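If you want the building blocks of each chain, they are given just below.
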Amino acid sequence: MRASVRIQHEDFSQDEEIARLKTRSQRTGAVASFLGCARDFSEGRAVSEINFDAYADMALAEMTVMREQAIAMFTLIDASIVHRLGTVKSGDNIVFIATSAEHRAEALEGCQWLIDELKRRVPIWKKEITPDGDFWVVPHA
Amino acid sequence: MRASVRIQHEDFSQDEEIARLKTRSQRTGAVASFLGCARDFSEGRAVSEINFDAYADMALAEMTVMREQAIAMFTLIDASIVHRLGTVKSGDNIVFIATSAEHRAEALEGCQWLIDELKRRVPIWKKEITPDGDFWVVPHA
Amino acid sequence: MIKVLFFGPVADTIGQRSIDIEYRIDMSLQDLRESLAQRFPQAFGIVAFTAVNGVQTRNMRQLLADRSEIAFMAKFSGG
Amino acid sequence: MIKVLFFGPVADTIGQRSIDIEYRIDMSLQDLRESLAQRFPQAFGIVAFTAVNGVQTRNMRQLLADRSEIAFMAKFSGG
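Chains as they are written, first to last, in numbering that gives the first Met the number 0: chain A, 0 to 140; chain B, 0 to 140; chain C, 0 to 78; chain D, 0 to 78.
For the record, the hints were derived by calculation from the structure and aren't laboratory data.
As the structure is a computational prediction, the values presented were derived from the model and not from experiment.
Check each hint, because a few of them may be wrong.
[Said to hold, decoys possible] Coverage of chain A stretches by chain B, computed from C-beta distances (three or more under 8 Å per stretch; other residues unrestricted):
no., segment
1, 13-20
2, 37-48
[Stated by the list, open to error] Straight-line Cα separation of at most 30 Å, DSS-like style, residue types lysine-lysine; simulated pairs:
no., chain 1, residue 1, chain 2, residue 2
3, A, K88, A, K126
4, B, K21, A, K126
5, B, K118, B, K88
6, A, K88, A, K118
7, A, K21, B, K118
8, D, K2, A, K118
9, D, K2, A, K21
10, D, K2, D, K74
11, A, K118, B, K21
[To be verified] Among the chain A residues that face chain B by a calculated CB cut under 7 Å, a handful are:
no., residue
12, A29
13, R103
14, I114
Heads up, the beta-carbon is just placed ideally off N, CA and C, and yes, glycines get one too.
Assemble the whole structure, with the sequences as input and the hints as a guide.
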């Protein structure tokens, strides 16, 4: 049984993650999910791969708290958060969030909240590898 | 190559649907998805299975228009809509919507809009099979 | 001939999924609806939407062409 | 001993992922930050967040305990 909150180098299967969420309750009527993947182009530059670094202990602790907050705030049945580390190539999966609830509004709103919070609160950094050199991404605002 | 808009009796794989969306463009940075599934309980009654009926030609035409509207309104790269017909059992998948975009806000908002529109506009009806009898679902409001 | 289609709860109440109605000149959607509502009052109590050739319409005065496909539908409950 | 951690762009700029600093009584987070910012001015130009033992803090006056783990971090860019 894999944990609901993970950071890992290897890829993940959305079907597996969602199947796991669904087994939690026969009351589940809605599963919303968000998949972030590596684009081949960013800030006007071609990107061949992305390297991720993290403060792993703090990232996992923060993701665990976020998950519990989302379950309470949006009356979710369950939620999963998986973020990859290391090197991902253009087109590869980076982050996956899934939320389950009895009805669709809670699942969709909880999913959106979690990806927004992840970007804001979780100590992970990405470096884009391009033909012009390597650039750490500086988030806007 | 399966169509982006389908109604079908058989189950679907989210991984396959999302993999197909991702191949459409290397610019894809975000895929949002919504999965509706059959709950074992509704309106205070145990539900063993759900039967779906549809005005199939009109449903497909409406879903096709909705998809084109969502792509234009939310600057999506692509979108898929799959709805099952016939009999589904408790826990089974019913409907799947996935949207891809360069950035997360468009994908998430487009996905939410599509499931809301589907409920409102697409001529599909569900009957819940329960120990107390069979009941066509009457939507609220 | 006008083909009238029923689905889901409307079809269950009527006990049929389609009925053929003889085409008459100057037959409006309203005329068709009224004559069917008299035959199937219970089913038409739950009819909420009407489609002509697969397109929803609220204009009940529109005249029907021969070989039209008309659907009288209950509120949708898909998803 | 205080363990100071660096990640991502901060670690790249400094060229190290961690530094051990001798613990002193009454050493505040501000004291630690100032001495490191003098040694690594470029890296600390991009430091936006500070964590003490894995928890973010903005209270730079807090005193550090021996064996604390302090992280000076650039803006997050995960997801």
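Here's how the hints hold up against the structure:
no., hint, result
1, 13-20, "holds (count 3)"
2, 37-48, "holds (count 4)"
3, K88(A) - K126(A), "holds (12 Å)"
4, K21(B) - K126(A), "holds (22 Å)"
5, K118(B) - K88(B), "holds (20 Å)"
6, K88(A) - K118(A), "holds (20 Å)"
7, K21(A) - K118(B), "holds (22 Å)"
8, K2(D) - K118(A), "holds (26 Å)"
9, K2(D) - K21(A), "violated (42 Å)"
10, K2(D) - K74(D), "holds (21 Å)"
11, K118(A) - K21(B), "holds (22 Å)"
12, A29, "holds (6 Å)"
13, R103, "holds (6 Å)"
14, I114, "holds (6 Å)"
Violated hint for the displayed structure: number 9, the only one.
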